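S.K.: Everything in the sequence shown is counted per this note's numbering, starting at 1 for the first residue and increasing by one.
Some hints here could point you the wrong way.
As the list claims (entries may be wrong) - Ranges between beta-carbon positions, derived for each pair:
id	residue 1	residue 2	range
1	188	148	34 to 44 Å
2	190	39	42 to 52 Å
3	54	160	33 to 43 Å
4	84	134	41 to 51 Å
5	239	158	17 to 27 Å
6	84	234	34 to 44 Å
7	54	150	26 to 36 Å
What the hints assert, rightly or not - Heads up, simulated DSS-like pairs for lysine-lysine below, C-alpha to C-alpha not over 30 Å straight-line:
id	residue 1	residue 2
8	120	159
9	120	241
10	207	159
11	120	207
12	159	241
For the record, the hints were derived by calculation from the structure and aren't laboratory data.
Predicted model, so just to flag it, every value in this text is computed and none were measured.
Every residue, glycine too, gets a C-beta built ideally from N, C-alpha and C.
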Amino acid sequence: MKKNKTSSASITFIGLVTSSLTLLGCQGGSSDSSNSTQPVIAEAELCSTSINYGAYAAITGTATFSKRGLAVQQSGGQVTRFTLGGLVSAIPIRFAEIRILNASGTVVQCGKTNSSGLLKALDGTSELRIPSTTGNYTVEVLSRTNYNPTPTAPSAAGKPAFTVLFSVKEDIYSNTVYRAQSVVAIPGAGTFSANPTASGSESLSAKIEGGAFNIYNDVITSYEYLANSTGIQNISCLNPKMSVF
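Using the sequences and the accompanying hints, generate a full structural model.
M.R.: Pasting the structure below:
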């Protein structure tokens, strides 16, 4: 996926996503006319199983991403120029899927970030726990979500529930979901911190994962807008899985 390193188009992008969600999601989209013979690999299954451990270690922390900022120049109260700014960091990755893997690459726990990017269990509120077995564990936060928004606007009280289910992926063939990750050493039972981060700097990562999570964040914002700005209208037509490349 090719990502713009600036944030200049964020507002426009959110507007386009919002329009696309309502028009394509509720009226049906067009089919893929690609004739490529390149093999397509199926997207990895959602991490959706919570495992209970008698002896456990608790994982705390916050998942964040960074993006390039925008410097705005004005003259006489009019905007005259936009230029690329420095990195804007510590933006929370909200409502995202969490996978924790042991040193062998086996998934030992699934979870979800909350509205502040905090690492939580699948319910979004409980403590995130893994086995207390000594070793290194990789905490992955994916650019994928599966959650039910709760409208906060009074006008949306009583709105029928709907599901936000989408992923931001590298390309249409590998279907690889972007990830922010952190490795944590577990010596035994206790509470340990992990803070997965996706950078928006190409010098730190050629994939610029922060750009993917910026797009992910814009889509989340679009769904939140629809949840709160469409009254009690039933928008469950948006439930089907969406892929962003």
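S.K.: Against this structure, judge whether each hint is valid.
M.R.: How the hints compare with the structure:
{"no.": "1", "hint": "188 to 148: 34 to 44 Å", "verdict": "36 Å, holds"}
{"no.": "2", "hint": "190 to 39: 42 to 52 Å", "verdict": "45 Å, holds"}
{"no.": "3", "hint": "54 to 160: 33 to 43 Å", "verdict": "40 Å, holds"}
{"no.": "4", "hint": "84 to 134: 41 to 51 Å", "verdict": "45 Å, holds"}
{"no.": "5", "hint": "239 to 158: 17 to 27 Å", "verdict": "18 Å, holds"}
{"no.": "6", "hint": "84 to 234: 34 to 44 Å", "verdict": "42 Å, holds"}
{"no.": "7", "hint": "54 to 150: 26 to 36 Å", "verdict": "33 Å, holds"}
{"no.": "8", "hint": "120 to 159", "verdict": "26 Å, holds"}
{"no.": "9", "hint": "120 to 241", "verdict": "23 Å, holds"}
{"no.": "10", "hint": "207 to 159", "verdict": "39 Å, violated"}
{"no.": "11", "hint": "120 to 207", "verdict": "26 Å, holds"}
{"no.": "12", "hint": "159 to 241", "verdict": "20 Å, holds"}
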